[in-house]
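Please take these sequences and the hints and turn them into a complete structure.
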Amino acid sequence: EADIYQTPRYLVIGTGKKITLECSQTMGHDKMYWYQQDPGMELHLIHYSYGVNSTEKGDLSSESTVSRIRTEHFPLTLESARPSHTSQYLCASSEAGVDTQYFGPGTRLTVL
Amino acid sequence: GQNIDQPTEMTATEGAIVQINCTYQTSGFNGLFWYQQHAGEAPTFLSYNVLDGLEEKGRFSSFLSRSKGYSYLLLKELQMKDSASYLCAVRRTGGFKTIFGAGTRLFVKA
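Protein chains in written order, with the working numbering: chain F, 73 to 184; chain X, 869 to 978.
Just so you know, the hints here were simulated from the structure itself, not pulled from any lab data. All clues stand as given, with none of them false.
The calculated DSS-like cross-link candidates involving lysine-lysine, where the alpha carbons are at most 30 Å apart (straight line), are:
no., chain 1, residue 1, chain 2, residue 2
1, F, LYS103, X, LYS965
2, F, LYS103, F, LYS129
3, F, LYS103, X, LYS925
4, X, LYS965, F, LYS129
5, F, LYS129, F, LYS90
6, X, LYS925, X, LYS965
7, F, LYS103, F, LYS90
8, X, LYS925, X, LYS936
9, X, LYS925, X, LYS949
Going by beta-carbon spacing under 7 Å, a handful of chain F positions derived as facing chain X:
no., residue
10, GLU114
11, LEU115
12, LEU162
13, VAL170
14, ASP171
15, THR172
16, PHE175
17, PRO177
18, GLY178
Counterexamples of contact, computed for chain F against chain X with all Cβ distances above 12 Å:
no., residue
19, ASN125
20, SER134
21, LEU150
22, HIS157
23, VAL183
Please read these numbers as outputs of a predicted model, since none were measured by experiment. Backbone N, C-alpha and C fix where the C-beta goes; we use that ideal spot for every residue, glycine too.
Listed below in C-alpha cells is the structure:
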C-alpha cells in the first residue's frame, strides 16, 4: 500500500486568499506530480518534479506554484484563489523505472 | 500529438465479463497503464503493459498491441464493487510524460 498523504482533504475559502495544499510521501520516490481533476473529467497534469530542487510545469496552464526542498514533500501554492480554481487536486509519486504512480487521497477545493 | 480514446460509459451485469477498450496515438510509446478510480477517490494502479500480449492478474487482465495502438482491460466475474472509472494512461519516452485518458465509467448492475 502506498504511503502518500494530502492535507487538507476539503477546503472552502474565499476569493483572493492564499492557500497551500500539502503533499507528503514516505516511499522515498524521486518523482512527484500534481493533477487537477473536475468531477467525471480527466486528470490534467499541472506540475511535476524529478527530485529535490527540480520542478516543471505540466500540460495544463496553472496559476499555482510548487516547491521541492525535500524528497518527501511537494506543496502546491495558490497565491490568490479564484472560483475557477474550484476542483479536486491530486498528488502522486513514482519511483524510477516503470513510473507507476501512487496517488494521495486528494484535496477538494472550493473557492467562493 | 497524442490522443487516447476510451468509451465514456459501459454497463454490465454482476458475474459477467466486460472488456474496456483503449486506443491511443502517441510518439515515443513506452508502456500503457490501467488505473481504477472510484467516485470521489484517487486512482489506484491496476496493470502495466509494455510488450504485446496479455497480462493476467486475478480477475483482471490487460492486453496490448503496439502495432495497432490498442489495449483492453478485461474484467471477469464482475462484482458490484467494480463499478468505477477505468483510466487508460500512456507512458512516453524522453523525460516525464504519462498521459491519462478521460476514463470509462463502468456500472455493474445486479
